[in-house]
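Just need the whole structure built from these sequences, with the hints factored in.
As you go down the protein sequences, you meet chains L and E in turn.
Sequential numbering from 1 applies to the first sequence in my numbering.
Sequential numbering from 1 applies to the second sequence in my numbering.
No lab work stands behind these hints: they were computed from the structure.
Given the structure is predicted, the values throughout are model-derived calculations rather than measurements.
We put the beta carbon where it would ideally sit given N, CA and C, even for glycine.
It cannot be assumed that every hint is accurate.
[To be verified] Below, computed lysine-lysine pairings styled on DSS-like, alpha-carbon distance capped at 27 Å:
#1 E:348 with L:96
#2 L:132 with L:2
#3 L:72 with E:359
#4 E:26 with L:72
#5 L:207 with E:15
#6 L:32 with L:171
#7 L:208 with E:15
#8 E:26 with E:154
#9 E:374 with L:72
#10 E:124 with L:208
#11 E:348 with L:90
#12 L:211 with E:15
#13 L:234 with L:132
#14 E:26 with E:6
#15 L:234 with L:171
#16 E:351 with E:374
#17 E:365 with L:96
#18 L:72 with L:211
#19 E:154 with L:97
#20 L:207 with L:234
#21 E:15 with L:234
#22 L:234 with L:211
#23 L:96 with E:338
[To be verified] Derived list of chain E stretches under chain L, where covered just means 3 residues or more per stretch with a C-beta under 8 Å from a C-beta of chain L:
#24 4-12
#25 321-335
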Amino acid sequence: MKFFICDDTPESFFTAVFYAYSESDCFITSDKEIQLSLGSEIVQVHSDTEKCERVRRGLYRYDNGAENDILKALRSCNNRKEQICFMYIKRLLEFKKSVRNAFNLSEVVELNNILYQITEETHRFTGFLRFKENANGTLYAPYSPDNDITGLLMPHFAARLNAPFVIHDVKRKIAGLYNGSTWIITCVGDAEICPSDSERAFESLWKKYYKAVNIKERPHEKQMKSSMPVRYWKFLPEKND
Amino acid sequence: MIDAEKLEILTESAKYDVSCSSSGSKRVNRAGGLGNASVSGICHSFTPDGRCISLLKILMSNDCIYDCEYCPNRRSAEVRRATITPTEICELVIGFYKRNYIEGLFLSSAVFGTPDRTMELLIKTVEMLRHEYRFNGYIHLKGIPHADDLLIMKAARLVDRMSFNVELPSEKSLKLLAPQKTKQSLLLPMKSLQNAMLYDKENKVRRRDAVIPAGQTTQLIVGASPETDGQILKLTEALYRNMGLRRVYYSSYIPVVQSSLLPTVGAGLLREHRLYQADWLIRFYGFDVNEILDESENLSMEYDPKCAWALRNMHLFPIEVNTAPLATLLRVPGIGAKSAYRIIEARKYGKIDFENLAKMRVVLKRARHFITCKGKFYGTENSQQVKNCLLLEGKNEVNEQLSMFSEKSVALSALTGEV
Ligand code: SF4
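Written out as structure tokens, the structure reads:
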């Protein structure tokens, strides 16, 4: 079997698709720890703008939403994400029309599943993200999502907040920065924060509220944990008392 | 800034209102303003009782002049009393909102002074939020019964959603348990709000000037009074139809106050769960109330209402998944709205076989007895056996519900009631 190893940029992935398309037995991945079997052949892929463009145009021809779906799916933490996207693309090119609703194809179901996880996690963090206010008025939210969703969260918060803010994915060491009018994604290390005067007070009022609004006579921890998984608790003040 | 003890008192007084939803509004932020509303609603946290926190749910005051029998804040109760100012509420909302603790405010109040006076202060609060603090996030305001119609209309232009809680499912129970509220004091403002919404729609009033873009809701207490499920659901249906409500919430009765007029035990959570399921069938699956009730005008406790209906109507099944229209698919136990839609879409690409169905999130354990796939039947022919299968499967669900009940927890997964 041929293994096409790409880096984690979309250009590299699309270039890999270009090469892999004519192969009968192959696998695309950016996973550096992949287990190779005996007799497997490795091809290191280097991004090639022209080949990448050709694949993109091919997608666009049959389904103008497919590229967006693929770009989103590549944010997944699933280590088979490139292969899942590749299989989907093959189906699209085979049918020569949109297959987004062909739920009887396993490739479509698989892509949909990872898209669903990303959408779901993004939606959850529109709620679970917690900002701290800095003395200079900037809001700062550290978090550690499963998927690479910072770029998907930025527009949501840019539309509603009227102060500069930072969303920091501490695991991937990247951050979304918003200056009050535009936002960018950039690499960061550790962030230094100096909380505003009212920060402590609001945080403790929030903890108070969280306790008071609970109906003690009716505990249902299971429900709480399935709606708000424990792995997300680290950054929630109400769960760190 | 607000005093922590006041916050505690006024939150504890507000927490029994079930609704916390922030959905249904598309309010946009304006330059320099803070906040917008997300149409599908957002949960910001979950409490150990399993409920979602979306809005800051708080009373302005719990110092009530009324004496509703079931209410912990009623005049004759001995509880800590507190009242907060519009400014205190605004500061709290803004402080919480920008830290992304909440999606907005659910403001309500006991009646202190007079109904009009109370309503005026509630309006003052939301006016300050919208104009001084330029807050464009979600606001749900509970209306005060007996307040002037003009005040209600003024409030409705500022907020996303309003609710007047019917609480008791019949006029008789209302008279007995909430003597100062009348049926008219709840239904008339609902009607005026509905008329105002219709007026805005017909006259194409701009969205940001329109009244309550997320509509109205109400809440019914289940099990504090003797009404059957049938009576409750017929009232629900009438409220959806005649008042155009977005949502009716059911709150299973919790005995938080001692009273000779009230039961000493809480209502079953399973019953609340079944009501949500039935409500869902009425709103989205084209069922009529009478179809889903059993002979005693109640819902089956053993089976969910769709299963119970299907078992009473075995002569209509099995149906072929490759040809059945949407309305028929929706009536099959184990096929939800999403899977029905997926089936319809997937049929355009070829015939569906039995294996495909599981991937479309059809619950085959249930559905198999009611469908054929390419003409082939995979279920049990004998209807008594079908009942047993479903009962066994349903038992798990019931057990889960009951175990939660015994540990006195609430099933708010049931809030949607999807079956
Ligand atoms: S009006 Fe009735 S339900 Fe409302 S706070 Fe007063 S006593 Fe309670």
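Quick rundown of the hints versus the structure:
1. E:348 with L:96: 15 Å, holds
2. L:132 with L:2: 48 Å, violated
3. L:72 with E:359: 22 Å, holds
4. E:26 with L:72: Satisfied, since the Cα-Cα distance of roughly 25 Å is no more than 27 Å.
5. L:207 with E:15: Satisfied, since the Cα-Cα distance of roughly 15 Å is no more than 27 Å.
6. L:32 with L:171: Holds, at roughly 17 Å.
7. L:208 with E:15: It holds: about 13 Å lies between the C-alpha atoms, which stays within 27 Å.
8. E:26 with E:154: Distance of about 20 Å is within 27 Å: holds.
9. E:374 with L:72: At roughly 36 Å apart (the allowed maximum being 27 Å), residue 72 (chain L) and residue 374 (chain E) break the hint.
10. E:124 with L:208: 26 Å, holds
11. E:348 with L:90: 19 Å, holds
12. L:211 with E:15: With Cα atoms ~11 Å apart, residue 211 (chain L) and residue 15 (chain E) stay inside 27 Å; holds.
13. L:234 with L:132: Status holds; Cα separation ~14 Å.
14. E:26 with E:6: Between residue 26 (chain E) and residue 6 (chain E) the Cα gap is close to 32 Å, so the pair fails against 27 Å, i.e. violated.
15. L:234 with L:171: 13 Å, holds
16. E:351 with E:374: 8 Å, holds
17. E:365 with L:96: Cα-Cα ~36 Å, so violated.
18. L:72 with L:211: 37 Å, violated
19. E:154 with L:97: 53 Å, violated
20. L:207 with L:234: Roughly 14 Å separates the two Cα atoms, so the pair holds.
21. E:15 with L:234: 26 Å, holds
22. L:234 with L:211: 18 Å, holds
23. L:96 with E:338: 26 Å, holds
24. 4-12: That given contact holds, which follows from 5 residues of the segment 4-12 of chain E lying within Cβ reach (below 8 Å) of chain L.
25. 321-335: violated (count 0)
The structure fails to meet hints 2, 9, 14, 17, 18, 19, 25 from the earlier list, while all remaining hints are met.
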